[in-house]
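Residue numbers (my numbering), protein chains in the order written: chain A, 10 to 216; chain B, 2 to 352.
Certain hints may be false.
[As the list claims (entries may be wrong)] Distance windows between CB atoms, simulated: (1) A/GLY205 with B/LYS148: 42 to 48 Å; (2) A/VAL194 with B/LYS148: 41 to 47 Å; (3) A/PRO47 with B/MET2: 41 to 47 Å; (4) A/LEU200 with B/GLY130: 33 to 39 Å; (5) A/PRO112 with B/MET2: 44 to 50 Å; (6) B/ARG94 with A/LEU63: 45 to 51 Å; (7) B/ARG51 with A/PRO47: 18 to 24 Å; (8) A/GLY205 with B/PRO24: 57 to 63 Å; (9) A/LEU200 with B/PRO127: 28 to 34 Å; (10) A/LEU49 with B/PRO127: 31 to 37 Å; (11) A/ALA204 with B/ALA159: 42 to 48 Å.
Think of the hints as simulated: they come from the structure by calculation, not from any bench. Built from N, CA and C at the ideal position, the CB exists for glycine as well.
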Amino acid sequence: MLTGAQMAALALSFKLALLSVLCALPPALLVAWLLARPGLPGRRLLEILAYGPLVAPPVAVGLLLSLPAGPLPGPNAALLAGAVIGFPLLVHPIRRALNRLNPELLEAARLHGAGPFRLFLTFHLPLLGPSVLAGMLLAGARALGELGATLALVDALDGPLPTLPLLLWQGAQIGDGGTLRLALVGVALSLAALAGAGLLARRGARA
Amino acid sequence: MSLALDITCVAGGQKVEGGLTAPPGQITAIFGPAGSGKTALLRAIAGLARPSRGQITLCGRTFHDSGRGIELPARKRGIGMMFDQPRLLPHFRVGANLAYGEPARDPAHFSRVADQLGLNDLLFQPVAGLTPLQARLVALGRALNRKPELLLLDDPLAGLPAAEAEVLAAHLCALRGGPPILLATSSPAHLAQLADGVAVMAAGRIGPAGTLAEIWNSPALPCGPSTLIEGKISRKDASWGLVHVTFPGGALKLADPGLPIGAKARLRVNAGDVALALAPPVDCSIQNILPARLVDITPDGASCLVLLALGDTRLRARITRRAAEALGLNPGMTCHALVKAVALEGPAPCP
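Chain A with its partners taken away, still in its complex shape:
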């Protein structure tokens, strides 16, 4: 079984991943909405910037972030790194769901008396909700394993928090056999998140 330190690292990583996804959600909704508008000037550039963290080396992303943000204390570094690295995975499903929204249905709902609030409750929330959740799962799973950007961002004096990826890395360095179990748990969690996101995305596409 997992050791006490490993359990604590898992719990900490969960908390950080959830918080970073929640921080990233408002800007991700805005960016997804902008990307779903055809003909918006600068859309291609915004797309490259938003999807960049998916392919850019994480350490490089962390270094670039540290230019304006400066070295950050442990929790802040982990939150910012998790939010930015998971951002593309959060944006993408929401953008696809926005593209699928049928403007004719929206028109029918408006004409039959729905104001902005009721439109949100009866139209946007049910049609976008599953995709937002899917994006949150994917981005959360990605943030859970984030280490490279965090290391580049964190204040050297403070040091990174003892998260799941840090324990994995440290364990691998000293050849600790118990680390393999933690690695398996980490992989299993990501696969579960992937499966869950897939189910949600299919549900969103059916609606």
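For chain A, the structure is supplied; the task is to place chain B on it using the hints.
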């Protein structure tokens, strides 16, 4: 209580121009071919497209006034609409779609509408499994649940098989007597079935308007050579299964459609089903023989279109040019119209 408008509007690359009034209690049709701007006009009335000039008012409420810069949002216009597609929300069941117009405000009204449209057994079904007719009935129910002050119908019968169109048409006819209903259609058959008044639309312009019979029988609207006659069932002949429909200028006998005495009956007589005789024929199987005065005669290829006056009612006949020559037909002559077939065009009785 009428809808009145006079607008210029450009919507989706389609220009619409002209004026129109639609009184309450009846169905006013906008009749024109596909692409003539019917949908664009309905969208402007609904508040989904903004006119560049003019006014739209409904019983004193201003929907749009370019001069005063008024544009009432679509959701505040109190309109119910059937679009060209049902446009139901796929993530809601039938009941929630029906209630969308006015959620939980008036449960009694909701059940009345569901009852009237026969949707009670479907309330908990997802909309994905509905037949085309059912989906349109749900769309109609959603519009009615709003207690609309104006009902807009964009070609509601188009594309339905005849039997199903008949059912929906009966439901639509049953809505007469309420708020103004505006119906866009390109089908003469649907026009004859549903409309009371007609405004003709062509290339984005709202043209001549009048009662259905006026427009149908006018040269402005050559709906195939036929005549539309509005009459009343005056007598039943139970032993022969016939009814007499009386109209200004005569009466016609036809098979009993099951309507009561006094009911309005709209008859269509195709010009090809009317023959002419100078003297009333004897020993003839045709039962509808009406004295008439010949008003006009127009050659048309090998045949002639003959316009007859039966009192105040006009009737069209198509005969061969050879027959017209042989009978020596001329305007002003009196003759007898032999009507071989009469079709009852609604309003259809409600199921």
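Verification of the supplied hints:
no. : hint                               : verdict
1   : A/GLY205 with B/LYS148: 42 to 48 Å : 44 Å, holds
2   : A/VAL194 with B/LYS148: 41 to 47 Å : 59 Å, violated
3   : A/PRO47 with B/MET2: 41 to 47 Å    : 43 Å, holds
4   : A/LEU200 with B/GLY130: 33 to 39 Å : 35 Å, holds
5   : A/PRO112 with B/MET2: 44 to 50 Å   : 33 Å, violated
6   : B/ARG94 with A/LEU63: 45 to 51 Å   : 39 Å, violated
7   : B/ARG51 with A/PRO47: 18 to 24 Å   : 22 Å, holds
8   : A/GLY205 with B/PRO24: 57 to 63 Å  : 58 Å, holds
9   : A/LEU200 with B/PRO127: 28 to 34 Å : 32 Å, holds
10  : A/LEU49 with B/PRO127: 31 to 37 Å  : 35 Å, holds
11  : A/ALA204 with B/ALA159: 42 to 48 Å : 45 Å, holds
Checked against the numbered hints above, the structure violates hints 2, 5 and 6; every other hint is satisfied.
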